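S.K.: Using the sequences and the hints given, assemble the complete structure.
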Amino acid sequence: MTISYSTGFFHLIFRWYGSIWRSIYKELIVYLVLFFSVRLSYTLVIPWIDPDEELMFKVRFEAICRQFNEYTKLIPLTFLLGFYVSNVVSRWWRQFECLNWPEDLLSLLCIAVKGTDERSAQVRHRVARYINVTYALAWRDISDKIRSIFPSTRDIVVAGLLTENEYRLLKELNDQEGCSYTRWMTPLHWVQQIMEEEVSKHGMTVTYLTNFASELKNFRTSFRRLFCHDWVCVPLVYTQVAAIATYGFFFFALFGRQHIGGGDVDTIFPIFTVVQFLFFVGWYKVGLDLMRPFGLDDDDIELSYILERNINVSFAIVNKLQMSEPPPFEADKYYNTGLLFEVNDDRRMKMKKRPPKLNTYKKLFDLEKQKNNNGEEKGDEKMGSFMDVAERVIKEERRSRVREGLNRWLPTWKEEKTKEHKTFYW
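Going letter by letter, the sequence shown gives residues -4 to 421 in our numbering.
These aren't lab readings, by the way, just hints derived from the structure by calculation. Any given hint could be a false lead.
What the hints assert, rightly or not - Pair ranges (Cβ atoms, derived):
(1) MET318 / GLY198: 17 to 23 Å
(2) PRO321 / TYR12: 19 to 25 Å
(3) THR332 / ASP150: 55 to 61 Å
(4) SER319 / LYS212: 25 to 31 Å
(5) TRP226 / THR111: 39 to 45 Å
As the list claims (entries may be wrong) - Lysine-lysine pairs mimicking PhoX-like chemistry, simulated, CA-CA at most 20 Å apart:
(6) LYS315 / LYS109
(7) LYS109 / LYS196
(8) LYS280 / LYS21
Everything numeric in this text was worked out from a predicted model, so none of it was measured. For every residue, glycine included, the Cβ atom is placed at its ideal position computed from N, Cα and C.
M.R.: Next up, the structure:
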């Protein structure tokens, strides 16, 4: 089942179904039993076995613990698990995106076969039923839940999605040589033949058939992608590397995290080691659980619900929505009035109205605000556009530079002229 959550922190942390606690509690119990077994061996078993050599055994044991603690620092566990789980989660989400929905295909069907007569209604219902048969035939090969609903193809007949004649024809085609892999494609081929018959015998526009065929192609492609994901899994060697790195790290931590004296405080219970176990082993279990998204785990995708939903929606579109007429036109308060839509209620008034603003709009707004402030300080002086203001600033800067240059050059020029005049006079 798929676990949905949108609650507070404490309620979220202490949930059970789909949580990290349910995923790793067995491994954590086993690990703590082993950890305290090693601890008791160090404190009780060694003195009991050989009291005379107790000091020597403890010195060797402490040396092993220090060495194993150094080994835990050499395993790049964060990098390995991060890369592994990232690929698995991306693959899991891509498989969900491969799930197709019947609305788009059946909407094109209702446009192409738009009549409300008995024959048109039968064509639409027949196409919708064949699409649902394709769901059942394809998904039962990749999902344990759908397989439990339809253990055999005969159960699809019992569910009412296939007739006896269609089941017999489907079985005969599947028994033929070279047709064993086309069972789930057969209903889609029937849909294609039905639409071609609508064009040739009942005058349906070829453009509608082209659009429908394009959508039918995408519909078929999504099933093929699901089969490819189910067939080609994450390479086994990749999973083995992640497993060996994870459990190897905590094997060395069994000895490396033991309290062997020194200046450290003996907390008795390995708090930080347990936190690391929750983090790393839980991380690894996420990758294992999401490897097969259509199984029976807590976070597996609910294909049984999606199948039931698609069957109900497809029949509702072709049998109910298409057979009903849209309501007649009624003038509303926005028709030819130029009013803008606003929700005037207490909840809306309590919320701050902050429409989105583009970055360039914000800059121009700040410049305009600065221009208005400068205009208020100068009284009646009117400011021009932003380009005028910029040009005026540049001119003032140039004038100030010219004045500074003249102020530096004029005294020197006057002094030189005075010296020339005195020399000429004498």
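S.K.: Against this structure, judge whether each hint is valid.
M.R.: Going through the hints against the structure:
A hinted range of 17 to 23 Å holds for the C-beta pair MET318 and GLY198, which are about 21 Å apart. Take PRO321 and TYR12: their Cβ atoms lie about 44 Å apart, and the range 19 to 25 Å is violated. Roughly 58 Å separates the CB atoms of THR332 and ASP150, a value that falls within the hinted 55 to 61 Å. For SER319 and LYS212, the hinted distance range of 25 to 31 Å is satisfied, since their beta carbons lie about 30 Å from each other.
Roughly 44 Å separates the CB atoms of TRP226 and THR111, a value that falls within the hinted 39 to 45 Å. Restraint check for LYS315 and LYS109: the C-alpha separation of about 13 Å stays at or below 20 Å, so the hint holds. Between LYS109 and LYS196 the alpha-carbon distance is near 15 Å, which keeps this suggested pair within the 20 Å criterion. The straight-line distance between the Cα atoms of LYS280 and LYS21 is roughly 12 Å, inside the 20 Å bound, and the hint therefore holds.
In summary, the structure is inconsistent with hint 2 from the numbered list given earlier, while agreeing with all the others.
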